[in-house]
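If you read the sequences in order, they're chains W and H. Note that the working numbering has the first sequence beginning at 1, numbered continuously upward. Note that the working numbering has the second sequence beginning at 1, numbered continuously upward.
The hints are simulated quantities; they were obtained by calculation from the structure and are not laboratory data. Owing to the predicted nature of the structure, the values given are computational and were not obtained by experimental measurement. Glycine included, each C-beta is placed from N, C-alpha and C at the ideal position. There could be a bad hint or two in this list.
To be verified - Here are some of the chain H residues that sit facing chain W, going by a computed Cβ distance under 8 Å:
{"id": "1", "residue": "Leu-44"}
{"id": "2", "residue": "Ala-82"}
{"id": "3", "residue": "Trp-93"}
{"id": "4", "residue": "Tyr-112"}
{"id": "5", "residue": "Pro-206"}
{"id": "6", "residue": "Val-252"}
{"id": "7", "residue": "Asp-254"}
Said to hold, decoys possible - If you anchor each label on the Cβ, the simulated ranges turn out as follows:
{"id": "8", "chain 1": "W", "residue 1": "Met-68", "chain 2": "H", "residue 2": "Asp-174", "range": "44 to 50 Å"}
{"id": "9", "chain 1": "H", "residue 1": "Gly-78", "chain 2": "W", "residue 2": "Gln-464", "range": "52 to 58 Å"}
{"id": "10", "chain 1": "W", "residue 1": "Phe-27", "chain 2": "H", "residue 2": "Asp-110", "range": "58 to 64 Å"}
{"id": "11", "chain 1": "W", "residue 1": "Leu-165", "chain 2": "H", "residue 2": "Leu-106", "range": "31 to 37 Å"}
{"id": "12", "chain 1": "W", "residue 1": "Phe-320", "chain 2": "H", "residue 2": "Val-32", "range": "30 to 36 Å"}
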Amino acid sequence: MTLTVPQQSPPAPQSLQPTGWLRYLSFSVDHKVIGLQYLVCGFAFYLIGGALAGAIRTELVSPISDFMPRDVYNQVLTLHGTVMIFLWIVPVVNGAFGNYLIPFYVGARDMAFPRLNAVAFWLIPPAGLLLISSYFITGAAQSGWTAYPPLSLTTPASGQIIWILSVLLLGGSSIFGGINFIATILKLRRPGLKLMQLPMYCWAMLGTSILVVLSTPVLAGTLIMLSFDIVAHTGFFNPGLGGNVVVYQHLFWFYSHPAVYIMVLPAFGLVSEILPIHCRKPLFGYTTMVYSIMAIVVLGLVVWAHHMFTSGTPPWMRLFFTIATAFIAVPTGIKFFNWLATLWGGKISLNSAVLFSCGFIVNFVLGGITGVALAQVPFDVHVHDTYFVVAHFHYIVYGGSVFVIFASIYHWYPKVTGRLMNEHLGRFHFLLTFVGFNLCFAPQHWLGLNGMPRRVAEYDPQFQLINQFSSVGALLMAISTLPFLWNVIASALQGEIAGDNPWNALTPEWLTSSPPPVENWKGEAPLVTNPYAYGTPENEIDLNSVSGSDLWRNGQ
Amino acid sequence: MQIPSAIVTLVLGMLLVLGGLWIGQNINLLPVDASTNAPIYDELFRVLFSIGTILFLGIVGLIIFSLVRFRRRPGQLGDGLALEGNLPLEVFWTAVPAIVVLFVGLFSYDIYERMGGMAPLSHGDHGGAMPAEQRIWGGIGSSEISTTSSTSLLQPLPVEVTAMQFAFLFHYPDGDIMSGELHVQAGRPVSLRMEAKDVIHAFWVPEFRLKQEVIPGQPTVLDFTPTRPGRYPIVCAELCGPYHGGMRSTVVVDSADDFNAWIQANRKPPVQEA
Ligand SMILES: [Cu+2]
Ligand SMILES: [Cu+2]
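All chains should be modelled from the sequences, with the hints used to inform the complete structure.
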């Protein structure tokens, strides 16, 4: 069965595919083309979402609502959240890098279902355009990305319905992608390649895809019920008709907590690929890394009500979800300690990919610590729905996932283009992003603790100065995009030629030409049974290049 | 070579722990406390802040140290050590966070119980007998806070809270007083019974460290005892529409005399004094 796989990939569709840059605008079934389509499309939406964030931070420079009308402000914050989650982070960490890398990692020539793959991508641009256009046509949804009823039932219906349609399309795209990843990882592995020999990103994508397939349908069903409430005046969530608004929150968070892991687990996987290569060391604790991913997947499904500690939840439920949530810190902590151990004793190249990866570790650790605090009911009761939470989740999804996206772009750019990015610009980009990000979000912890709720256009004047710091940070983050964009474009045209494997990496995507040919390898796919076989064996250490304490540690 | 590095590590670790404890105990990030459960909350906050600071500074320190100490110097070739794992180490950094998390969980459970969070809510049983409309949900329940013996002698002050776009209304059943501000008496327990007319709102007083969503169709309760006289903001914390940011009110914590004077001045039908 597995032996027939290489012959199964049909050569016929390839001949019908356009070549050159036009294929990036086509219904291509090549996983590498689709991966790049996801990445570029996602980045375009990141710029839109960033502009929306800029509008929010501009409004918050002053404590009164003076930059835009209040209902427009609510539209902007709804669009910002929806765009950043569903059109930028989820499609990029899953769709872009997953499509580009997973077939290489399992030794396949394409994904299991190439056409479904193309369909999954091509659902995204129309869904995104629909969402953005709703702002210009009817006014966008105003009830936040959470769309809690009854607010979502009472705000203008047209914007809310378009929002639901668009999220349903994006959810469908995500489910198609998830099915494809599971099938590819489990069924398309090159003969001889065992599961426990796969690069860590495969495990991360397997775990993520399980979450996607289990939880996204719940969101879809919930939103369909919500749309019935709006259009057909059913009463699922309408208290006036005997509906229950808290049930919506349960159903919504049953997806939307795992959604956090759908955004960060792939990032964990990508970092696990990047660090060993640039540290010239094996990934520390491969087996525990795999088990911790699976533990996060299981625990991630049973913690959703920690978003509801201040709504109608009985005490026993609060206690259970506190404990379950806090325990996610254990498998997550294992991963971070393993990365620290991977750094330890390495020969670390301090390039942009490593800097962004380490920035990710620092930011995510802070976000994780505030996360464990938020899991404690009495703590959460004070800061729920405040800027403390805003700071917390931006440390997770921006400081975490987005930093990893940038690290990954610096790392895989030579694979995709055959050229290296400019390192000086890259480090400058890192510095601006890291300083801007922390200046923007660190002060928000204090704002939340001291009384500033989230999603407000106007606030207590005593918070003005701190908000202005935060807005300056946001401005730095916006500026940091410029050296990056310049770097990406200029390096594509005149960057230093990278060669096929500039990092001397061992993972299979580097064991072919850069950029790789259609169907990935000229000959047969290489069998990589240890993708992390870096490092000098202990007894071969060059005595001149290590210090005494290295030897002492080795002697244990 | 070995002993000095071990001692350095030990000293650094102790400095880290002491520094984290000092920061957690001495840097105040919270507003004034004005209810009986605020000091309890602050106790939890200081513990979490200390643990968090130690962890964060430790990990950041390790990363910076690694990046500096193990950076590839110019002209240096070759790989790092081929360390693929270390089981005792893995067990160690699984067990220690698990113990810390368990400790934090038990401690915060204790804190929550002292705040009255685990107390059964009045009519708040989750049996299926009562229709949803009559259930009382959530909130920090009827607390028997016995920190000050004098408080328990006083009758709790019942107040009915109605939240609507974009205001809070407070109704005092004793005296039939309607007010846009919440007036309470320092040291006397207050029992809020809250209901929303349109969408979900949230009643939050940062100085009380308390928040409870106000949910249409499902009454919620919130019990607390204010301690420090003064005026504190009531903030709506749940997105409720365009003027959500402006949906604010004030809670006035009065001394007993001031509070009684306010009641007398505002009560509608003349009722003899108790
Ligand atoms: Cu969550
Ligand atoms: Cu409100």
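Tested hints:
| no. | hint | in the structure |
| --- | --- | --- |
| 1 | Leu-44 | holds, 6 Å |
| 2 | Ala-82 | holds, 3 Å |
| 3 | Trp-93 | holds, 4 Å |
| 4 | Tyr-112 | holds, 5 Å |
| 5 | Pro-206 | holds, 4 Å |
| 6 | Val-252 | violated, 17 Å |
| 7 | Asp-254 | violated, 21 Å |
| 8 | Met-68(W) to Asp-174(H): 44 to 50 Å | holds, 45 Å |
| 9 | Gly-78(H) to Gln-464(W): 52 to 58 Å | holds, 55 Å |
| 10 | Phe-27(W) to Asp-110(H): 58 to 64 Å | holds, 60 Å |
| 11 | Leu-165(W) to Leu-106(H): 31 to 37 Å | violated, 46 Å |
| 12 | Phe-320(W) to Val-32(H): 30 to 36 Å | holds, 33 Å |
Hints 6, 7 and 11 from the list above are not met by this structure, while the remaining hints are.
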